[in-house]
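> Each chain, letter by letter, is given below.
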Amino acid sequence: MDRRTVLKGLAGAGGLALTGLSAPAIAQGASARTLRFVPQANLANFDPIWGTQYVVRNAAALVWDTLYGIDAQLQPQRQMVESEETSDDGKTWTFKLRPGLKFHDGEPVLAKDVVASLSRWAARDPMGLMIIAIQQELTAVDDRTFKWVLKQPFPKMLYALAKNNAPCSFIMPERIAKTDPFKQITEYVGSGPMKFAKGEWVPGAKAVFEKFADYVPRQEKASWLAGGKQIMVDRVEWIVMPDPATAAAALQNGEVDWWENPIADLVSVLKKNKNISVDIGDPLGNIGSFRMNHLFAPFNDVRARRAVLMALSQEDYMRAIVGDDTALWKPLPGFFTPDTPVYNELGGEILKGKRDFDAAKKLLAESGYSGQPVTCLVAQDQPITKAQGDVTADLLKRLGMNVDFVATDWGTVGSRRAQKTPPGQGGWNMFHSWHAGADCITPAAYTAIRANGDKAWFGWPNSPNTEKEITGWFEAKSIDEEKAAIGRVNKAAIEDVVYAPTGFFLTYTAWRKNVSGITKGPLPFFWGVSKSA
Amino acid sequence: MLSYILRRIVATLPVMAIVALFVFSLLYIAPGDPAVVIAGDQASPEDVERIRQSLGLDRPFLVQFGSWVWRILHGDLGTSIFTNLPVSAMIGQRLGPTLSLMIVTLLLTIVVAVPLGVVAAWKAGSLIDRVIMGFAVFGFSLPVFVVGYMLAYIFALELEWLPVQGYTPLSSGFWPWLENLILPAIALGCVYIALVARITRAAMLEVLQQDYIRTAKAKGLGQGGILFIHALKNAAVPIVTVIGIGIALLIGGAVVTESVFAIPGLGRLTIDAILRRDYPVIQGIVLLFSFVYVLVNLMIDVIYTLVDPRIRY
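As they're listed, the protein sequences go chains E and R.
If you read the first sequence in the numbering used here, its first letter stands for residue 1, the second for the next number, and so on.
If you read the second sequence in the numbering used here, its first letter stands for residue 534, the second for the next number, and so on.
It is possible that some hints are incorrect.
[What the hints assert, rightly or not] Think about it this way: if two alpha-carbon atoms lie no more than 20 Å apart in a straight line, the pair counts; the simulated DMTMM-like pairs of lysine to aspartate or glutamate are: (1) E/Lys455 <-> R/Glu582; (2) E/Lys362 <-> E/Asp234; (3) E/Lys151 <-> E/Glu174; (4) E/Lys362 <-> E/Asp496; (5) E/Lys206 <-> E/Asp234; (6) E/Lys183 <-> R/Asp591; (7) E/Lys183 <-> R/Glu582; (8) E/Lys397 <-> E/Glu315; (9) E/Lys420 <-> R/Glu579; (10) E/Lys520 <-> E/Glu220; (11) E/Lys420 <-> R/Glu691; (12) E/Lys271 <-> R/Glu691; (13) E/Lys183 <-> R/Glu579; (14) E/Lys272 <-> R/Glu739; (15) E/Lys274 <-> R/Glu691; (16) E/Lys112 <-> E/Glu84; (17) E/Lys420 <-> R/Asp591; (18) R/Lys766 <-> R/Glu739; (19) E/Lys420 <-> E/Asp454; (20) E/Lys274 <-> R/Glu693; (21) E/Lys178 <-> E/Glu137; (22) E/Lys455 <-> R/Glu579; (23) E/Lys272 <-> R/Glu693.
Calculated from the structure, these hints are not laboratory results.
So that you can see chain R by itself, here it is in the shape it has in the complex (with noise of 0.2 Å):
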């Protein structure tokens, strides 16, 4: 196991690469110009022109590309064109809020999706089936923006149970924490978890027909032990995919969301990155994005394991 992991973690090298060139090539082609937007709009075109000297953005495109890689290859994400910060230090600045979301949300989704998807199966057909499919078509198809602006209203306008934007870090407090986090959570949790509980209820129904599940039933087994305990559990291989799959559902999510509730995360750095074409930021995010979801597949490959004994590598 621990040389597949190796050998996966190595594997990830090419893929790192690939996603390298294509991010800048991407960017390099892509219309807009940074020395434009820091020259500001009454600027002449000779100002522009030394700002874009000063960044080196007028270097041949392999001259620019083998400077990044090199740095890249140092353990140096660059320094942000505008704010003339280090990538990594602003990345870490807004890392804390988005991994909080995205775990507060993750557990979210684990917690009400699962048995959500468990209990639509077991009742398949029924009028609670059809409720939580219902609930699940309505939260897959109501955009994040929407219901982020109705929670707002209802649990911070209306009720002033929770705060409508910003960002506490736990350093300060778990509740302080989590008040900022909650209706951001259930926000970007919608979608993920109408997801989650669909792939549950699917896989959950073709396990719920197998020889096995009647036998146990026939051996006099509880209803809960033969859902949670022998279902489950042969039903956690796509539901396991689709979590992790559900990954990069979450970083796209969070762009949006983050604007929504103010929250200062990676989501907004991403976006305001993309809007200013300051491209040393753009290409440290993709490659963090692209990293993580890559040790989030190969995380996902080691729980098939645990939950499948038969799967070894």
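Looking at chain E on its own, in the form it has when it is part of the complex (with noise of 0.2 Å):
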């Protein structure tokens, strides 16, 4: 017995006791306007542009508003902008913001603050370089009125603008913005929708946003980060907790509302909860994945990489990751996010039917290994990397390779893959991860597929092909363009390898059926969420 069956055992049999239970005293004490929220990890800082974390993006949707939002149709809306005008040639873009818009410290939001953000946003933001790349100049035209002039058409301006990537073109006072974006800023002033308490801040423990009363939200029906953000509730507390079973016995007593991602092991015990509503939080869901190093032997061989590919069964990966609950998970052949607009699995034949280890043999034997020993890092922390890290290491001791399996943790794997130097000095072979499915919809903001060279993701995959059918995603005019460009990236990144992916799966959500207008996204959205007593 491990210490995950002990607690799924007691939280079991917790939530069975509590079935049909009134809530304990601290619960009927609390606040029906206070939303106490238990998030996916620990918001240890509080900078969007400096720290790239999901969770500091996640926090800072509160506080900070964007110029454009993204909405449940992936489709760009406007935010903070009231129009934009975009010259004929394409390389002229006028923006208006939305009169009366206030930061947190009453001082209006000007075209002069928004020059600054975006300047900071675009030195760390992979869409915000491309534009910089091409940039003449950025400039505040009056108090309400900014312009972006480039040197050539960029057709993604507004999907950069409002994408829900990190890290996202929040807008601070242009005293902030101005802080040199490898540096934290010390001030935490947005004109979102919910101010940020940072007297109450202990990181690591807890965090609390409290509505700002002068906040204008825009018209239209809130839907992801477009449209009217409006807060039901005056306080929302982040109660940050390393445990899950712990987390789990506080949602079933009524200690927390909301907990933003239960581990699979728990959801069969919230669900049994009669005071509790289960949900996929996150449509979009996550890539399960796996990066070979490209610079040495044996992945620097194409069809070392292919043999890998021709045997990996992708239910393997998944089930170790989400148990047998079968709703979460689908076999994914290639590196997009199923179910979006512009989806496409052309060329990913390799990696579906039953896997064919007898020509995974011979293809890696024609690629010349050896036996030599290939350094698989896996990261014990993190359950999806273990989870991953046990069946790969299964699957190449079963081609015949010889593994070493490099047990660490995130922190060490995180420095170790940065290393260019060989497997046998200090250097590595593969490492696992998993990537957002919203940052896998298209090439945009999905560094992972990116295959430049040097200048690529960890494995450094090198494919002409892959980066020529990426800019052709680019220069995409409309969706069916882009949906016939993320075909072509797909096959071409495919062919070269430039990673395994293992599998696209969900998690799931929880919360107290005292508390309503939770929807699904690829992030927490507060706006419309209200609570009973």
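Got two chains here, each in a separate frame; can you build the complex from them with the hints?
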């Protein structure tokens, strides 16, 4: 019996015992105007440009607003912007802000604030860097108007300003936005629907957000980061709980109202409690992955990489990650998020059907592999990477590979994977990760799909074909063109095995039934969420 | 005595210096890079390098160490790499919950373990002794998190007497403060109670064989008086020692207990800092813990003189 089994058993028993019982005194005393939320991780810093962790982005979306917001149809919609104009040659974008926008310190939001904020964001964001590369000038025309002049058209401008991928282009006061993008800000003043209560922030334990009375929501219905962000409670308290069993017990006991992502092991327990609702949190899910180091043998030979793809069973990986709940995963013959408008799995045959170990072994032998150790980094403190690592070790052994299984923690993987030295000298051959589906819809914010050698993500794949097709997507002008381009990117990336996708999986979110208005999305949206006593 | 205390306090300085050097060196050579964690998964190597530079992590070891020592000498524990908050402020935020947990656990231990140990020694070899020692073995063997979850299940989920998690400061009232600490203190105290009970029993057994105990019995003294006035006082030195040493156990156990009961204390801060490689915070906490440990040892030495007048420094 291991620790997780003990937790599950106890939490399960607790769930059954509590069914039908009233909330304890501690919950009854809590105000219905305060929503208590257990986030996916600790809010260790609060600069959404300096730190790009999802948890920071999620908290920042409460405090800072964006010029545009992505909606549930994945379309950019105006948010702080009232109108925009594009010149005939597509090189000049002129934007006008909505009137009456205010920062939490009472100052109006001006175009100069936007210019400073966009400059800071662009220095850290992949799409922002693309814009900077073709930027002629970014200037404030008047208090409410600013202009972005480019040397060549950039059709994805509105998407770049609306996207929910970290870092988002949050708008801050100029004095704050002038901070070096590689240094942390020290003031947390935004113009979003909630204020950050810095005095109550206990990093690692608690963060508090208070309703901003002067926020002027848009009139449209809220849809993800777009529309009217109506806040229905006075306070939102983020309570960090490192232990999932404690979070499950606290939710059952009414000590918290909403748990962002319960682990799969405990979902069945929560589902049995009549006071709790459980549903898929983010329909865009996640893509599991492992990356092979393209710089060193054996994976510097595409045949070795293909041999691994040929043999890997995505079902094995997905069951290791999410268990037996088949509603939580699906095979993914490619790199892009399924069920999205431009999804295309062209060229994904190698990942489909029965696994062919004989052919894979033959191909591996042709690559010249002769039993040298394969250094496989596996972070044991992340359930997703640990589960994938165990499956990969088995897969490689069945292929006849000599696995050097390096069980370590995520912090160590994070630094070791950046090493370009040979595997025997501190480098590596493989590491495991996963990508939020929201980041993998298109190549826009999809760093892991890039294959530009030294400049690519860890593993440094070099696939000119993939890069060419990515450029094709950026130039696409219609959704049909985009979809076709995505197909070509998928095919090229699979041919050269930029990385190995291990499948698509979803996670749940859970909340007390006295909370309403929770919507599915790539981040927890607090607007429209209310709570009864 | 006063000069002894002063000498001991001065003697802590080289100990602290060695601890500081050791911790700093260990962190320097440990794998992992806070810049990578900060930069996020999608960051380019250039971004990571720029962050590393901005944090001063690219400087040579001696420069970094010298700069850290200089700050420490000026009473500045530095700034957290991640939160951008002063380490002293972060420790200050977390000190209350941990201190509360340790005090309640310590009181619980003394109140429960010492009488149990005395009774076990008094009834040595009997069923009562075996039951108490059986409990001690059980308490010592069970991991803190298992006890914690069982307590949470029974007393929070099943009976709804106490909350599952969290911490309420004493300023919000005595009961709100205590109700959050009862279950964690029992969970954390189990090992400690077992240890102290066993040591108390062993020390008492030895004392109870002494001639003066026989004399006390012959004089017709009551059992309670013999046990708790004459015997316990003479058995106190090893008991006090183990209570002091046990504080190290409490520090280690607090890390797990605070995670299980979501108490925002120093234990959780330590774990978070280690996982993120937040070097200034780790260094600050280790320095604090080592200082506390040295101080506890000093207090034990002073307490020796109170329980045993023969001891003089």
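> Take the hints in turn and mark each one as holding or not.
Results for each hint:
1. Between E/Lys455 and R/Glu582, the direct Cα distance comes to roughly 14 Å. Compliance with the 20 Å bound is thereby established for this hinted pair.
2. Of the supplied pair hints, the one linking E/Lys362 and E/Asp234 is violated, its CA atoms being roughly 64 Å apart against a limit of 20 Å.
3. A distance of roughly 25 Å separates the Cα atoms of E/Lys151 and E/Glu174; the hinted pair therefore is violated under the 20 Å criterion.
4. In summary, the hint linking E/Lys362 to E/Asp496 is supported, as the alpha carbons are separated by about 18 Å, within the 20 Å threshold.
5. Taking the CA atoms of E/Lys206 and E/Asp234, the gap is about 16 Å. The hint holds against a cut of 20 Å.
6. A distance of roughly 15 Å separates the Cα atoms of E/Lys183 and R/Asp591; the hinted pair therefore holds under the 20 Å criterion.
7. A hinted pair counts as satisfied when its Cα atoms are at most 20 Å apart, and E/Lys183 with R/Glu582 qualifies at roughly 13 Å.
8. A distance of roughly 18 Å separates the Cα atoms of E/Lys397 and E/Glu315; the hinted pair therefore holds under the 20 Å criterion.
9. Of the pairs offered as hints, the one joining E/Lys420 and R/Glu579 holds, with about 14 Å between alpha carbons and a cut-off of 20 Å not exceeded.
10. The suggested pairing of E/Lys520 with E/Glu220 holds, with an alpha-carbon distance near 18 Å, which does not exceed 20 Å.
11. Restraint check for E/Lys420 and R/Glu691: the C-alpha separation of about 54 Å exceeds 20 Å, so the hint is violated.
12. Taken as a hint, the E/Lys271 and R/Glu691 pair is honoured in the structure, with Cα atoms around 18 Å apart against an allowance of 20 Å.
13. Using a Cα cut-off of 20 Å, the hinted pair E/Lys183 and R/Glu579 holds, with the two alpha carbons roughly 15 Å apart.
14. The hinted pair formed by E/Lys272 and R/Glu739 fails the criterion: a straight-line CA distance of about 56 Å is larger than 20 Å.
15. At roughly 16 Å between alpha-carbon atoms, E/Lys274 and R/Glu691 fall within 20 Å of each other, so this suggested pair holds.
16. In summary, the hint linking E/Lys112 to E/Glu84 is supported, as the alpha carbons are separated by about 17 Å, within the 20 Å threshold.
17. Taking the CA atoms of E/Lys420 and R/Asp591, the gap is about 18 Å. The hint holds against a cut of 20 Å.
18. Between R/Lys766 and R/Glu739, the direct Cα distance comes to roughly 13 Å. Compliance with the 20 Å bound is thereby established for this hinted pair.
19. The straight-line distance between the Cα atoms of E/Lys420 and E/Asp454 is roughly 10 Å, inside the 20 Å bound, and the hint therefore holds.
20. At roughly 17 Å between alpha-carbon atoms, E/Lys274 and R/Glu693 fall within 20 Å of each other, so this suggested pair holds.
21. For a cut-off of 20 Å, the pair hint linking E/Lys178 to E/Glu137 stands: about 17 Å separates their Cα positions.
22. For the hint pairing E/Lys455 with R/Glu579, the CA-to-CA distance comes to about 9 Å; that is within 20 Å, so the pair holds.
23. In summary, the hint linking E/Lys272 to R/Glu693 is supported, as the alpha carbons are separated by about 18 Å, within the 20 Å threshold.
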